[in-house]
Amino acid sequence: MGFGTPPAKATFLELTDTPSSYTDQAEKAASVKATEDGLEFSTLLQAFLELIDTPAAYDGQASKVPAVNAEEDALEFIDPPVGTFLDHSDTPSAYTGKAGNVAAVNAEEDAIEFIDPPEHTTKSSSNVEPQTFRPSVADTWED
Numbered sequence: 001m002g003f004g005t006p007p008a009k010a011t012f013l014e015l016t017d018t019p020s021s022y023t024d025q026a027e028k029a030a031s032v033k034a035t036e037d038g039l040e041f042s043t044l045l046q047a048f049l050e051l052i053d054t055p056a057a058y059d060g061q062a063s064k065v066p067a068v069n070a071e072e073d074a075l076e077f078i079d080p081p082v083g084t085f086l087d088h089s090d091t092p093s094a095y096t097g098k099a100g101n102v103a104a105v106n107a108e109e110d111a112i113e114f115i116d117p118p119e120h121t122t123k124s125s126s127n128v129e130p131q132t133f134r135p136s137v138a139d140t141w142e143d
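For the sequence shown, counting from 1, position 77 maps to 77 in our numbering; every step adds exactly one.
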């Protein structure tokens with residue numbers, strides 16, 4: 001079963017659904033027409049604010065970050081999330097007196113608390129009794 005003779009190679013401009021010239025189209029991109037029946041050259045967006053679902057201006061938005069709005073259909077500028085671990089509403093408020101502790105989910109499973117590190121039991125392949133190891137701040141890895 002043959003496929004016949006392949007069609008003659010055409011250039012982009014010779015295709016029936018593309019623009020016929022590159023004149024005055026520098027730095028534009030080929031995009032699908034609104035009528036969805038071919039391609040046309042379109043000016044590329046140059047800035048974030050040119051997008052259709054972003055705020056209209058940066059005025060008054062210093063130090064804010066973009067976030068998806070409540071309707072989940074556009075972006076808006078918001079104050080950045082809290083800055084440190086302790087700033088969150090579900091974490092301890094201070095590190096004081098907690099040296100060597102680890103962060104863990106509390107019994108109610110609705111916040112983080114500092115606890116003493118858990119003990120880890122190790123088992124040897126020989127007939128040696130298991131050893132209990134409690135990591136401390138002084139335990140470090142060395143190369």
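Derived by calculation from the structure, the hints in this document are not laboratory data. Some hints here could point you the wrong way.
Listed next, with one range per pair, are the computed distances between beta-carbon atoms [to be verified]: (1) Ala-104 x Lys-28: 37 to 45 Å; (2) Ala-29 x Phe-77: 26 to 34 Å; (3) Asp-24 x Asp-73: 29 to 37 Å; (4) Thr-96 x Leu-49: 39 to 47 Å; (5) Ala-34 x Asp-59: 57 to 65 Å; (6) Glu-71 x Ala-47: 37 to 45 Å; (7) Gly-83 x Thr-35: 47 to 55 Å; (8) Glu-71 x Leu-49: 17 to 25 Å; (9) Thr-54 x Thr-96: 39 to 47 Å; (10) Pro-118 x Glu-76: 20 to 28 Å.
C-beta: ideal position from N, C-alpha, C; glycine also.
Cross-check of the supplied hints:
Between Ala-104 and Lys-28 the CB atoms are about 56 Å apart, so this pair departs from the stated range of 37 to 45 Å. The beta-carbon spacing between Ala-29 and Phe-77, approximately 28 Å, falls within the hinted interval of 26 to 34 Å. Range check, Asp-24 to Asp-73: about 35 Å between beta-carbon atoms, so the 29 to 37 Å window is met. Our hint of 39 to 47 Å for Thr-96 and Leu-49 holds, since their Cβ atoms are close to 45 Å apart.
A hinted range of 57 to 65 Å is violated for the C-beta pair Ala-34 and Asp-59, which are about 31 Å apart. Checked against the hint of 37 to 45 Å, the pair Glu-71 and Ala-47 fails, with Cβ atoms roughly 23 Å apart. A beta carbon spacing of about 50 Å between Gly-83 and Thr-35 agrees with the range 47 to 55 Å that was offered as a hint. Checked against the hint of 17 to 25 Å, the pair Glu-71 and Leu-49 passes, with Cβ atoms roughly 19 Å apart.
The hinted range of 39 to 47 Å is satisfied by Thr-54 and Thr-96, whose Cβ atoms lie roughly 43 Å apart. Under the hint 20 to 28 Å, the C-beta atoms of Pro-118 and Glu-76, about 43 Å apart, miss the expected range.
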